[in-house]
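**Q** Protein chains in written order, with the working numbering: chain X, 3 to 362; chain D, 3 to 362; chain P, 3 to 362.
Keep in mind that the hints are not guaranteed to be accurate.
Pairwise CB distance ranges (calculated) [to be verified]:
id	chain 1	residue 1	chain 2	residue 2	range
1	X	38	P	310	33 to 39 Å
2	D	132	X	96	40 to 46 Å
3	X	130	P	243	37 to 43 Å
4	D	138	X	25	45 to 51 Å
5	D	128	X	209	33 to 39 Å
6	X	243	P	96	41 to 47 Å
7	X	308	D	128	38 to 44 Å
8	P	245	D	184	35 to 41 Å
9	X	180	D	128	20 to 26 Å
10	X	38	D	132	23 to 29 Å
11	P	308	X	33	51 to 57 Å
12	D	184	P	308	57 to 63 Å
13	X	310	D	184	44 to 50 Å
14	P	40	D	187	36 to 42 Å
Derived coverage of chain X by chain D (criterion: at least 3 residues anywhere in the stretch with Cβ under 8 Å from a Cβ of chain D; other residues may be distant) [as the list claims (entries may be wrong)]:
id	region
15	144–154
16	167–179
No lab work stands behind these hints: they were computed from the structure.
Ideal placement from N, C-alpha and C gives every residue a C-beta, glycine not left out.
Residues per chain are reported as follows:
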Amino acid sequence: MSSTETSQQTFIRSDLVVLGGGGALCVLAALAHYGSWNSVLTFVVAAAAVCMLATLVGRSVEQLGDRFGPGATGVLQSALGNLPELFICIFALKAGLVEVVRAALVGSILANLLLVLGLAFLVGGLKHGTQQLGSERARTISVLMLLSVTAMAIPSIAHEVHSPAGAHEVPFSVIVSVILLALFALSLPFSLRREPGAAQVVENEPPRWPVWLAITLLAVAGALAGFVSDWFVNALEPAMDKLDISPVFAGLVIVAIAGNAVENVVGVQLAARGQSEYAFSVILNSPIQIALVLAPALVLISQVFGLASLTLVFGPMLVVALLLSVILAAAIAQDGESTWLEGATLIALYAIIATSFWWG
Amino acid sequence: MSSTETSQQTFIRSDLVVLGGGGALCVLAALAHYGSWNSVLTFVVAAAAVCMLATLVGRSVEQLGDRFGPGATGVLQSALGNLPELFICIFALKAGLVEVVRAALVGSILANLLLVLGLAFLVGGLKHGTQQLGSERARTISVLMLLSVTAMAIPSIAHEVHSPAGAHEVPFSVIVSVILLALFALSLPFSLRREPGAAQVVENEPPRWPVWLAITLLAVAGALAGFVSDWFVNALEPAMDKLDISPVFAGLVIVAIAGNAVENVVGVQLAARGQSEYAFSVILNSPIQIALVLAPALVLISQVFGLASLTLVFGPMLVVALLLSVILAAAIAQDGESTWLEGATLIALYAIIATSFWWG
Amino acid sequence: MSSTETSQQTFIRSDLVVLGGGGALCVLAALAHYGSWNSVLTFVVAAAAVCMLATLVGRSVEQLGDRFGPGATGVLQSALGNLPELFICIFALKAGLVEVVRAALVGSILANLLLVLGLAFLVGGLKHGTQQLGSERARTISVLMLLSVTAMAIPSIAHEVHSPAGAHEVPFSVIVSVILLALFALSLPFSLRREPGAAQVVENEPPRWPVWLAITLLAVAGALAGFVSDWFVNALEPAMDKLDISPVFAGLVIVAIAGNAVENVVGVQLAARGQSEYAFSVILNSPIQIALVLAPALVLISQVFGLASLTLVFGPMLVVALLLSVILAAAIAQDGESTWLEGATLIALYAIIATSFWWG
Numbered sequence: 003m004s005s006t007e008t009s010q011q012t013f014i015r016s017d018l019v020v021l022g023g024g025g026a027l028c029v030l031a032a033l034a035h036y037g038s039w040n041s042v043l044t045f046v047v048a049a050a051a052v053c054m055l056a057t058l059v060g061r062s063v064e065q066l067g068d069r070f071g072p073g074a075t076g077v078l079q080s081a082l083g084n085l086p087e088l089f090i091c092i093f094a095l096k097a098g099l100v101e102v103v104r105a106a107l108v109g110s111i112l113a114n115l116l117l118v119l120g121l122a123f124l125v126g127g128l129k130h131g132t133q134q135l136g137s138e139r140a141r142t143i144s145v146l147m148l149l150s151v152t153a154m155a156i157p158s159i160a161h162e163v164h165s166p167a168g169a170h171e172v173p174f175s176v177i178v179s180v181i182l183l184a185l186f187a188l189s190l191p192f193s194l195r196r197e198p199g200a201a202q203v204v205e206n207e208p209p210r211w212p213v214w215l216a217i218t219l220l221a222v223a224g225a226l227a228g229f230v231s232d233w234f235v236n237a238l239e240p241a242m243d244k245l246d247i248s249p250v251f252a253g254l255v256i257v258a259i260a261g262n263a264v265e266n267v268v269g270v271q272l273a274a275r276g277q278s279e280y281a282f283s284v285i286l287n288s289p290i291q292i293a294l295v296l297a298p299a300l301v302l303i304s305q306v307f308g309l310a311s312l313t314l315v316f317g318p319m320l321v322v323a324l325l326l327s328v329i330l331a332a333a334i335a336q337d338g339e340s341t342w343l344e345g346a347t348l349i350a351l352y353a354i355i356a357t358s359f360w361w362g
Numbered sequence: 003m004s005s006t007e008t009s010q011q012t013f014i015r016s017d018l019v020v021l022g023g024g025g026a027l028c029v030l031a032a033l034a035h036y037g038s039w040n041s042v043l044t045f046v047v048a049a050a051a052v053c054m055l056a057t058l059v060g061r062s063v064e065q066l067g068d069r070f071g072p073g074a075t076g077v078l079q080s081a082l083g084n085l086p087e088l089f090i091c092i093f094a095l096k097a098g099l100v101e102v103v104r105a106a107l108v109g110s111i112l113a114n115l116l117l118v119l120g121l122a123f124l125v126g127g128l129k130h131g132t133q134q135l136g137s138e139r140a141r142t143i144s145v146l147m148l149l150s151v152t153a154m155a156i157p158s159i160a161h162e163v164h165s166p167a168g169a170h171e172v173p174f175s176v177i178v179s180v181i182l183l184a185l186f187a188l189s190l191p192f193s194l195r196r197e198p199g200a201a202q203v204v205e206n207e208p209p210r211w212p213v214w215l216a217i218t219l220l221a222v223a224g225a226l227a228g229f230v231s232d233w234f235v236n237a238l239e240p241a242m243d244k245l246d247i248s249p250v251f252a253g254l255v256i257v258a259i260a261g262n263a264v265e266n267v268v269g270v271q272l273a274a275r276g277q278s279e280y281a282f283s284v285i286l287n288s289p290i291q292i293a294l295v296l297a298p299a300l301v302l303i304s305q306v307f308g309l310a311s312l313t314l315v316f317g318p319m320l321v322v323a324l325l326l327s328v329i330l331a332a333a334i335a336q337d338g339e340s341t342w343l344e345g346a347t348l349i350a351l352y353a354i355i356a357t358s359f360w361w362g
Numbered sequence: 003m004s005s006t007e008t009s010q011q012t013f014i015r016s017d018l019v020v021l022g023g024g025g026a027l028c029v030l031a032a033l034a035h036y037g038s039w040n041s042v043l044t045f046v047v048a049a050a051a052v053c054m055l056a057t058l059v060g061r062s063v064e065q066l067g068d069r070f071g072p073g074a075t076g077v078l079q080s081a082l083g084n085l086p087e088l089f090i091c092i093f094a095l096k097a098g099l100v101e102v103v104r105a106a107l108v109g110s111i112l113a114n115l116l117l118v119l120g121l122a123f124l125v126g127g128l129k130h131g132t133q134q135l136g137s138e139r140a141r142t143i144s145v146l147m148l149l150s151v152t153a154m155a156i157p158s159i160a161h162e163v164h165s166p167a168g169a170h171e172v173p174f175s176v177i178v179s180v181i182l183l184a185l186f187a188l189s190l191p192f193s194l195r196r197e198p199g200a201a202q203v204v205e206n207e208p209p210r211w212p213v214w215l216a217i218t219l220l221a222v223a224g225a226l227a228g229f230v231s232d233w234f235v236n237a238l239e240p241a242m243d244k245l246d247i248s249p250v251f252a253g254l255v256i257v258a259i260a261g262n263a264v265e266n267v268v269g270v271q272l273a274a275r276g277q278s279e280y281a282f283s284v285i286l287n288s289p290i291q292i293a294l295v296l297a298p299a300l301v302l303i304s305q306v307f308g309l310a311s312l313t314l315v316f317g318p319m320l321v322v323a324l325l326l327s328v329i330l331a332a333a334i335a336q337d338g339e340s341t342w343l344e345g346a347t348l349i350a351l352y353a354i355i356a357t358s359f360w361w362g
């Protein structure tokens, strides 16, 4: 309770942390990159800087969005919240790290549906007992998530079962990507209307930044995110070599968690505050965006700009883990309740799946 | 509303359309078949004639069934509603088109659960906003659908994973078919009692046709359906060749949609009128009938009458698509609500799966 | 009703049946084993003796547990209820029958989720009409069951899709087993609190046995279970040879049903008495214990004591059947209702899956 009462002040102090910390980390990352520091250190610093920039982008959008109403904020956040991850994936494709990108896309969804959801249930359950998730909104989002991730997985399945379409990997992936992006465009008016739950949390705080500041910070953070993502990807391969981590594991676990750090933390924080319904919506919304925007956009970008060719054909273990996770998450949403034990089981499942990718 | 008020009149006019149109199309189909017209044209005319005959069968059963109560009507419609599809599949097996029949059986289920359900949600959602599906009846049907389609899929799975049973394709499929048909026989008393929802829609209209007329029209339509199905199948192969469409795609999309055209249109119409619950029941009932009656009956018929041997071993892509569709449809039924966006996503998923079969 | 009123008396008589019958069967089994009787007869007698001993273990725990409250009883029953099955599996591993043990573990889950659940629905539905399962408790258990069985299945999936982890079968299985056992340890406080439903059934009856008698009988039954399990396993292979039954089918159907006979009968009995909610909890709880305790314990025991190496890599058909069963059971739990037709369909599905393993 006390955190809400003093939130205006705290948030201003936290702004300074984000701005100062983000700036310092970007400088450090630049020094590390151009100074050819130890690759593991460079990688860690760049990852931290990406997280800070993602926070700054999120905060700028929040401040901007308050002028447009909660629906528009949601859409803006959809579009820009994935910006750092998009940059990282593009630079990784430029560097030919297709395996890492594929694993990172699937890994982001797994991390959301198993690790973050598990942590949210565990923290929420330990602090507040059994939590209710039974709203229509949570169920509708879970069905959309199930449908969109399944749609994204079809090319992989066709490839895995040696269906003739498997031999037309690129055109099939491009067609599916266009359909998924069209679906996302269709869903925008739906999203513009549906964010009342989200609004309640933010609404109390009037915008603190003038518009020009929010836009400037957004532009600066976006531009910096581009540079830092490049350094992050550059350090990725030598760092993984040094730590003897396979590219798939690096993408699935490290890039996926670093790229979504902010969203992940927000979901768990909401659950800790007892807002389990809203936490659940935020956490389930991320896989929808990856399936409907990020993955198809990367496929089209990789083909159009001649980067290393990314298709929607993910490895069989990735696809099975993906399908099981979305089915489990949907079952949990239908269940209407969460306990800390369900949370612990989800985390255990994430640990098991992540372990299965440890051997490269 | 106005359509219900004047329904007696409209329905009589529509009777004439069905009788006249059906007769004309049968004559055209005969001319096309015996006159060796262009195969694509013959195919289209025969498909249209099959649809009209299916409508006539359905209408005769409706008129007959009103004397026996709604339960018996439901059962009669179950038994006879699949008549045209049964004829088409038998003639296709006689012509050796096993691939087409397999794809058509799975395609009928996919078309119902993804395309028709999607259209019903889309139309219902756009016209009437978020629709409720939460009745016990809808959920019970969805569970039965999940169970029966899964049971039908076991021989395919055994074959795909090289289980020893996979090497005994024919006896295993026959055993499973007998079990499925026994289950259908068991379910008849359940069906005889359960159709109150269906009844409400039809009940207002007293039977318009005397019994002798209904029986005569039923017999004539059934007999004609036999002939026209033969012509349809005859034109199928050359037409697909000319249009460069693979047999699997032809079965999965074209035969599946043509063979169920009437049921499909009814489902969407019900949703358009705001009767989403009833639409949902009708749409989910069709896969149950295919799994418990049509598919096992065809397996036994093909073995007993020495047609091209049909087993319950469907291709792996067909089976995965089938299992994913029934799980998704069950999740949607549990969800208890439908929105136009869910409808659009289902249609997108159907388009993606259909595309995956485009490459032969 | 009359059975509850006279339950004290009946239960005492039934104690005598268990003690007398169990003793007699153990003697018979010893005679058969050491007298080298016909292997099929030895096998049947030993199986019956195992069932009786399992009943005696269960009853002793019940009598003991009444002193500790219903939660502790539940945990004790979790721990000791699987004792006979644990013994059988250990002796089978000692005899090198790894295939039988793998099939028995999966078969126990399938038998619970399809056959026993189906029988419970069928009996309950025929006797009491549509049954309600909609409690939060039933749903929570079904979600935990879905999660824990899925976690147990990951090593099999990794192996089947030729993921690199598949080549590290033993270490990966050991890691997963440790995680699953840790999860079980975590879940103990949850179980200790959650058994109010279970308590209602037993509560009316005060403990009839003094503590020393309950502990003595528990120890004797446990020790005898060790011997009889050995004889059971010894007779298993020659009996299966004589009956021409494959090891996988023997494990999946015969060992699985014999090893869980008591739990299975209890589940169906509860449903027959109209306590469908409680029956459902009991039936769904068993797969959780197999996934979180029995299977991982056997993996660790087999590695530590140098028995035939058991891993969590089950055959592909076993895994697919397992995953489909848990998804179906979870869907049924969410559905909130059961009918006799759902029960019949579950039994049909079990018959179909069991048939698929008939061909060795």
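**Q** Look at each hint and say if it fits the structure.
**A** Structure-based check of all given hints:
1. Taking the beta carbon of each, residue 38 of chain X and residue 310 of chain P are about 54 Å apart, not inside 33 to 39 Å as hinted.
2. Residue 132 of chain D and residue 96 of chain X have their C-beta atoms about 44 Å apart, which keeps the hinted 40 to 46 Å range intact.
3. With their beta carbons about 59 Å apart, residue 130 of chain X and residue 243 of chain P fall outside the hinted range of 37 to 43 Å.
4. A beta carbon spacing of about 59 Å between residue 138 of chain D and residue 25 of chain X contradicts the range 45 to 51 Å that was offered as a hint.
5. Look at residue 128 of chain D against residue 209 of chain X: about 35 Å separates their beta carbons, and that is inside 33 to 39 Å.
6. Remark: the range hint 41 to 47 Å for residue 243 of chain X to residue 96 of chain P is upheld by a beta-carbon distance near 45 Å.
7. Remark: the range hint 38 to 44 Å for residue 308 of chain X to residue 128 of chain D is upheld by a beta-carbon distance near 41 Å.
8. The hinted window of 35 to 41 Å between residue 245 of chain P and residue 184 of chain D is violated, with their beta carbons roughly 26 Å apart.
9. A hinted range of 20 to 26 Å holds for the C-beta pair residue 180 of chain X and residue 128 of chain D, which are about 23 Å apart.
10. Under the hint 23 to 29 Å, the C-beta atoms of residue 38 of chain X and residue 132 of chain D, about 58 Å apart, miss the expected range.
11. About 55 Å separates the C-beta atoms of residue 308 of chain P and residue 33 of chain X, a value consistent with the hinted range of 51 to 57 Å.
12. Distance hint for residue 184 of chain D and residue 308 of chain P: a CB-CB separation of about 48 Å, inconsistent with the stated range 57 to 63 Å.
13. Checked against the hint of 44 to 50 Å, the C-beta distance between residue 310 of chain X and residue 184 of chain D comes to roughly 55 Å, which is inconsistent with it.
14. The beta-carbon spacing between residue 40 of chain P and residue 187 of chain D, approximately 40 Å, falls within the hinted interval of 36 to 42 Å.
15. Only residues whose C-beta sits within less than 8 Å of a C-beta in chain D count toward coverage, and the region 144–154 of chain X has 8 of them, enough to reach three; the restraint holds.
16. A stretch counts as covered by a chain when three or more of its residues have a beta carbon under 8 Å from one of that chain; for the region 167–179 of chain X and chain D the count is 6, and the coverage holds.
Going through the hint list in order, the structure does not satisfy hints 1, 3, 4, 8, 10, 12 and 13.
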